[in-house]
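Protein sequences appear in the order of chains A and B. Following our numbering, the numbering of the first sequence begins with 4 at its first residue and continues without gaps. Following our numbering, the numbering of the second sequence begins with 130 at its first residue and continues without gaps.
There could be a bad hint or two in this list.
Below, computed lysine to aspartate or glutamate pairings styled on EDC-like, alpha-carbon distance capped at 20 Å [to be verified]:
1. A:K167 / B:E295
2. A:K167 / B:D401
3. A:K167 / B:E171
4. B:K464 / B:E295
5. B:K351 / B:E333
6. B:K154 / B:D143
7. B:K334 / B:D441
FRET-style restraints, in silico, Cβ to Cβ [unchecked claim]:
8. B:R407 / A:R126: 16 to 26 Å
9. A:E63 / B:D187: 22 to 32 Å
10. B:G443 / A:N170: 47 to 57 Å
11. B:H132 / A:A61: 38 to 48 Å
12. B:R337 / A:N170: 42 to 52 Å
Because the hints were derived from the structure by calculation, they are not lab data. Just so it is clear, CB atoms sit at the ideal spot from N, CA and C, and this is done for glycine as well.
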Amino acid sequence: MGLSPPRREVVRADLEQVFRTAYPRVVAVAARVLGSRDEAEDVAQEVFLAFGRSTVPAGEAPAWLSVAAAHTALNHIRSGRRRASREGNADGGDAVCPDVADAVVTRDERRLVRAALARLPRRQAVALVLRHSGLSYTEVAAALDISPGSVGTTVRRAESALRKELNRHASSE
Amino acid sequence: MRHPNDGTLRRLLDEPAGVADADRKHVAGCPVCLSELAAAQEDAAVAGAALGTDFAVDVDVDAGWRRLSSAVDDADRREATAVPVRRRRLGLRSPVVAAIGAVALLTGAGAAAAADWLQIFRAERIAPVTAPRAELAKIPDLSAFGSLEVSERPDLRKVADAGAAEQATGLSVPRVGRLPRGVTGEPAYHVVGQVSATFTLSAEKVARTAAAAGETVPPPPKGLDGSRFRFVAGPGIAAVWSQGRPLPALIVARATAPAVYASGVPFETARDYLLSLRVVPADVASQLRGFSGAGLTLPLFTSAQGSARSADLGGVPATVLASRDGTMAGVVWVKDGVVTAVAGSLSADEVLAVARGLRGDR
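Only chain A is shown next, with the shape it has when bound in the complex (with noise of 0.2 Å):
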């Protein structure tokens, strides 16, 4: 109480020209979380307003925007009200889905792997999606502020965690 963290009052001056470089990267990595454009850009748009009022310096910029987007694309599975409210959106939209049992195919298919994510160790999870986001060992050892020796260790991890789980839950449905 009475501690809440320190914030800018106001929008910071460089929040355009770093909106315009690393928008579609914040959306990519949001995406490889949510699988879904809408609620990428969705995230996106939360993580560039909390950025607008904070003073991570320009220099970070691009590594506090891609885990930004991780965690708070990951928090939006955790919450799973994304997920029902856009489900929910799909099922009466089926005018941009051609083939309707593709799309409940496909619909399925992310929602495992967004449970699977959301089961994986927070630090597993954000490595392994920065990296699948075109992210280099070094631009992920700086997001993460761990060694890039052990980048490889993380990511190498998450994915045998992450196909694990989803053997599981192919084999359990």
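With chain A's structure known, arrange chain B on it following the hints.
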């Protein structure tokens, strides 16, 4: 030669150039490693397919920017009407700045002696609450839960010397036994009077904040709506060796530890209720809950991207913070109701050495 670890094998798939020649040569001729490599490749392919997007992420940057601009404008408008006082201006640029900011926050405030105010909190120790910056940035501030009125504002001013600082604040000025290498000369002394603020909790604002975060609100405990909390801290002193740099070479600061007084429900009731709304990131909330009980620990919010660790200063527990790049560090502790901090463009070892060598304990 020993087999390279699984992380090295994984990197070999993505960035072979990042793997040492000797490791690459070993793997090429080692059936055990080749088998591991194949397994890693399979898992990576499965993960790649699972995380693939079946749409091209060719986003419309202009549309995204228009949406963000309008959201920023909306937020500004809401704040202009809803926030009675401006927020504290603290930067999260580095954990050290956060530490200095926290100490600055602690300075100020009047003695809350009114009979209806019950003292429920007096910081006796400081513990870091660490989370990724993105998580910290998501924590709503107090204006999301009620209204905050600052009754005594910080009035930082420079004074001539240590004697004047002591006279102005009643605190003893800590003297540095031996300055770290590269720090020379006499410091400038600054003092700040007491600061106090009163926060009035509004059940309606709490409900609105929770709803905005997509959470449902449990019924508030009896008496919570309209209950008041008064924060009091300071006065404080800072000795600053700036040496013409934008970031001071060394700061030694001391302030009367903050206290919270409640009128209405107990502080813990309000805190537990707010944490139960899940508008605070889960890992931060669990760290805060860990402080429950006596309510004597002051949480110091720091980014997980720096480092925070504990240290012992002659029997007094202290928190050491260092920026990731190692260019700044600070140490902060509480003793006998007084917070002291040593920070600067120094290493963690250097600030600890200064802290251990301080004379003039209160």
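* **Numbered hints the structure breaks, given as an ascending list** => Structure breaks hints 1, 2 and 7.
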